[in-house]
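Enquirer: One letter stands for each residue in the lines below.
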Amino acid sequence: MHLHDLWFFVIALLWVGYFFLEGFDFGIGILTRLLARGEDERRVLINTIGPVWDGNEVWLVTAAGATFAAFPDWYATLFSGFYLPMFVILLCLILRVVAFEYRAKRNGERWKRNWEAIIFITSLVLAFIWGLLFAAMVHGLPIGADHQFRGSLSDLVHPYAILGGVTTTVLFTFHGAVFASLKTVGTIRHRARHLAQKLGVLVIALLLAFLTWTQVQTGNPRSLVAEVIAVLAIVAAIGFNFGQREGRAFISSGLSVVAATAMLFLALFPQVMPSSLNPAWSLTATNAAAGAYTLGIITWVAGFATPLVLLYQGWTYWVFRKRIGVQHIPAPVVHGPVHGSHAAR
Amino acid sequence: MHLALAPDTIARWQFGMTTVYHYLFVPLTISLVAITAGLETAWVRTGKTKYFHATKFWGKLFLINIAMGVATGLVQEFQFGMNWSAYSRFVGDVFGAPLALEALLAFFFESTFIGLWIFGWDKLPKKIHCACIWMVSIGTILSTYFILAANSFMQNPVGYRLDRTGGKAHLTDIAAVLFQKLNLVVVAHTLTASFLTGAAFVMGISAIHLWRAARRQRAGRPTDLKQVAAMRTSLRLGLVLAVIFGLGTAISGDKLGEVMFEQQPMKMAAAEALWDKEAPAPFSAFSVPDVANHRNSVDVQVPGLLSFLAHKDFHSAVPGINDTAKAEAAKYGGSPSAYMPNVPMTYWGFRAMILFGMTSFSLGAAGLWLTRRKFWLAPEFRTGSFDVPRMMLTKKRELGPAVTGLVWRALIFTLAFPVIANSFGWIFTAMGRQPWAVTGLLRTVDAVSPNVSLTEQLITLIGFALLYIALAVVELKLLVKYAGAGPVTADRPPMRDIKLGGGSTEPGAEQNPDKPLAFAY
Numbered sequence: 001m002h003l004h005d006l007w008f009f010v011i012a013l014l015w016v017g018y019f020f021l022e023g024f025d026f027g028i029g030i031l032t033r034l035l036a037r038g039e040d041e042r043r044v045l046i047n048t049i050g051p052v053w054d055g056n057e058v059w060l061v062t063a064a065g066a067t068f069a070a071f072p073d074w075y076a077t078l079f080s081g082f083y084l085p086m087f088v089i090l091l092c093l094i095l096r097v098v099a100f101e102y103r104a105k106r107n108g109e110r111w112k113r114n115w116e117a118i119i120f121i122t123s124l125v126l127a128f129i130w131g132l133l134f135a136a137m138v139h140g141l142p143i144g145a146d147h148q149f150r151g152s153l154s155d156l157v158h159p160y161a162i163l164g165g166v167t168t169t170v171l172f173t174f175h176g177a178v179f180a181s182l183k184t185v186g187t188i189r190h191r192a193r194h195l196a197q198k199l200g201v202l203v204i205a206l207l208l209a210f211l212t213w214t215q216v217q218t219g220n221p222r223s224l225v226a227e228v229i230a231v232l233a234i235v236a237a238i239g240f241n242f243g244q245r246e247g248r249a250f251i252s253s254g255l256s257v258v259a260a261t262a263m264l265f266l267a268l269f270p271q272v273m274p275s276s277l278n279p280a281w282s283l284t285a286t287n288a289a290a291g292a293y294t295l296g297i298i299t300w301v302a303g304f305a306t307p308l309v310l311l312y313q314g315w316t317y318w319v320f321r322k323r324i325g326v327q328h329i330p331a332p333v334v335h336g337p338v339h340g341s342h343a344a345r
Numbered sequence: 001m002h003l004a005l006a007p008d009t010i011a012r013w014q015f016g017m018t019t020v021y022h023y024l025f026v027p028l029t030i031s032l033v034a035i036t037a038g039l040e041t042a043w044v045r046t047g048k049t050k051y052f053h054a055t056k057f058w059g060k061l062f063l064i065n066i067a068m069g070v071a072t073g074l075v076q077e078f079q080f081g082m083n084w085s086a087y088s089r090f091v092g093d094v095f096g097a098p099l100a101l102e103a104l105l106a107f108f109f110e111s112t113f114i115g116l117w118i119f120g121w122d123k124l125p126k127k128i129h130c131a132c133i134w135m136v137s138i139g140t141i142l143s144t145y146f147i148l149a150a151n152s153f154m155q156n157p158v159g160y161r162l163d164r165t166g167g168k169a170h171l172t173d174i175a176a177v178l179f180q181k182l183n184l185v186v187v188a189h190t191l192t193a194s195f196l197t198g199a200a201f202v203m204g205i206s207a208i209h210l211w212r213a214a215r216r217q218r219a220g221r222p223t224d225l226k227q228v229a230a231m232r233t234s235l236r237l238g239l240v241l242a243v244i245f246g247l248g249t250a251i252s253g254d255k256l257g258e259v260m261f262e263q264q265p266m267k268m269a270a271a272e273a274l275w276d277k278e279a280p281a282p283f284s285a286f287s288v289p290d291v292a293n294h295r296n297s298v299d300v301q302v303p304g305l306l307s308f309l310a311h312k313d314f315h316s317a318v319p320g321i322n323d324t325a326k327a328e329a330a331k332y333g334g335s336p337s338a339y340m341p342n343v344p345m346t347y348w349g350f351r352a353m354i355l356f357g358m359t360s361f362s363l364g365a366a367g368l369w370l371t372r373r374k375f376w377l378a379p380e381f382r383t384g385s386f387d388v389p390r391m392m393l394t395k396k397r398e399l400g401p402a403v404t405g406l407v408w409r410a411l412i413f414t415l416a417f418p419v420i421a422n423s424f425g426w427i428f429t430a431m432g433r434q435p436w437a438v439t440g441l442l443r444t445v446d447a448v449s450p451n452v453s454l455t456e457q458l459i460t461l462i463g464f465a466l467l468y469i470a471l472a473v474v475e476l477k478l479l480v481k482y483a484g485a486g487p488v489t490a491d492r493p494p495m496r497d498i499k500l501g502g503g504s505t506e507p508g509a510e511q512n513p514d515k516p517l518a519f520a521y
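Line by line, the protein sequences are chains A and G.
So that you can map any letter, position 201 of the first sequence is 201 in the numbering used here, and since no number is skipped, the others follow by simple counting.
So that you can map any letter, position 390 of the second sequence is 390 in the numbering used here, and since no number is skipped, the others follow by simple counting.
No more than 30 angstroms apart at the CA atoms, straight line, and that leaves these computed lysine-lysine pairs for BS3-like:
1) G:LYS515 with G:LYS56
2) A:LYS322 with G:LYS127
3) G:LYS181 with G:LYS168
4) G:LYS56 with G:LYS481
5) G:LYS326 with G:LYS312
6) A:LYS112 with G:LYS477
7) G:LYS255 with G:LYS331
8) A:LYS322 with G:LYS126
9) A:LYS322 with G:LYS56
10) A:LYS322 with G:LYS515
11) A:LYS112 with G:LYS515
12) G:LYS481 with G:LYS515
13) G:LYS127 with G:LYS515
14) A:LYS112 with G:LYS56
15) G:LYS226 with G:LYS127
16) A:LYS112 with G:LYS481
17) G:LYS326 with G:LYS168
18) G:LYS515 with G:LYS48
19) G:LYS126 with G:LYS515
20) G:LYS126 with G:LYS481
21) G:LYS277 with G:LYS326
22) G:LYS48 with G:LYS126
23) G:LYS331 with G:LYS312
24) G:LYS226 with G:LYS477
Calculated from the structure, these hints are not laboratory results.
Model the full structure from these sequences, guided by the hints.
Expert: See below:
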């Protein structure tokens, strides 16, 4: 196996990791509107991902950085081709980071409502756009012989891409609901489980439709295997969820996200960005790759760093493994008059 | 002027805006996290609550900052692909490597351990909790290193070869990129300047609190002594750091100048508004560059000093802007004036950087002197114990209120000076490199994305600008609020040490699974 093929799979793995992890935290963001009743419950949901969402997001930073290093042409065509969607993604990511950190930093009713609205909207938009973007990429784009994107926004938005966006949105919401039922106690836990159950049928239908369309369009035997795994995993997730086996349900819904993402990459390989103008102009894992020297270096570093990252990120989940409920939410910190000597909770 | 709307102009505005904005938060983040880590270590080792309160206080300000730093850092990473795709294709092989290393080796560290630190107060043993913030600190410093290695490559490309068509640079020697002389000096300069920034921030905010406390005391109103204790420690720490890192910034800056005289003569000639080669070369104290005629209309100079700064002797020749531009035009073609950066911007950017940076250092030195144990004031100027902000002084507390009042004001006033200096430093270093994106290899005009329309670029430029302004207001409000409130002295440190993974061992904790979280969003 060539190093550039290996790196195709490393990058696929980074995206898989990103969607697995940030998938449920987008879901939680969406659920702050769909599931939570009242401020305390919204805070419970937000705090289930509080200690980990920042670490989850690094998977994206790393995926982008690794693409830059391993496939400069892919990085350049992807980010300049999806210029406006990327802009929306950036706006949402920025606002989302700030919303989590700043929401509880002041006590005004409006202040909190506004940041909560931002958490909901950005989570929803991000979940949708990532799906749209990946679907559009797998579908093929007007890419010229010079590897430049030659289209416009309308080339990115078509029924298949929109179906992709809707699928990720619902799938992540489901994944988030399962995570919420795993991480909370009290009534919110049960409502999360019931919501996941209701979402189940929709998730299966969408996933089956989107992945089958992908399979018909660009599939191969490997991607078919991934599709089957993705669909079976979601069925298992719904089953475990029904049986109140929340841990297993979460692993299954995660597996489904993993397999669905993997399927998109398997359908792409060995291309990275197929050209709809002329197949010969497509970017491939070979012609978009960096030199062997660069690939060699990042391979060594990734080989050393990845287990370490998995270890300490895993440890974080272990440290914060306890379920939380409304009773664990401390009263908001109130600061006294400017000279806050008697500030207390 | 149609040129003002060229795609590369908009892309450059966006890059400049994002970089300067991002860099408002980075140095504070780097230094505040280390200061927080130092204070938490002091708390773990001594058990004194003043260290605990100081840790929480500076930690909170650090968190408000890093949220913005992380958010705007994402734009930095994405915009190379979005606005500068030709650049990305050309140097991705070289430039992407340090970025990928940064993400894998540093950023994961930072982001994961920050979560552990914020939410882990009652979940982790003290020492492990403290180790977490050190991990974050190490992460930020490693990040700085890799990012600057990438930037140094743009300033002075090394460790690469061009492919046959000349359309791509390929990495041949990662060690050359990571350890080139320029990068080592730039890292030293950037880190020392970051710590000077944090020191000034700590100095200024502690000074506000101590000054207020002093006034309250004089007015006979009660003072929160715990807060004063935490702020007093912080002030001394800030002063010491300002002196150490102020000196460090000056020394590394001087060294950096030397390296740049050698590697980027044009940038330094422009920084000095030195148009023609001179031997010995004078240092410009004040010039008004006349760009159209390639000379200065006003010149106030210190003879020989520039030769000394560049080569450590008073007589050697330093090439000027005109000579260097001619040489570059001969080498790469075109007219000499195409190879000149914006001279007034470079000249004033360089000076503003030094001026704003060194003010805080001088004040740190003055403050340290004024808060030492022995005083130089005659006894008749010494005042009683209560009307002087005695928390500023150690032991003997003798100082005229006029003097101390001025020092307080000065410390508060210069709180943000290094932040301004940092911005000018980056403006200088990026503008001084023009017209090159990668010195000698790729022009900035050739680096932009050819497929992105002007409209699209304008949309994102305006969009980001509006967002940045809105967030700056929010962030500033929060900083003022939390900095103004001072340490929350009602905060009590975790009672006893906690066994790792075993949950809390506080009395009764096992009986009460509903104990609220130590921290929640």
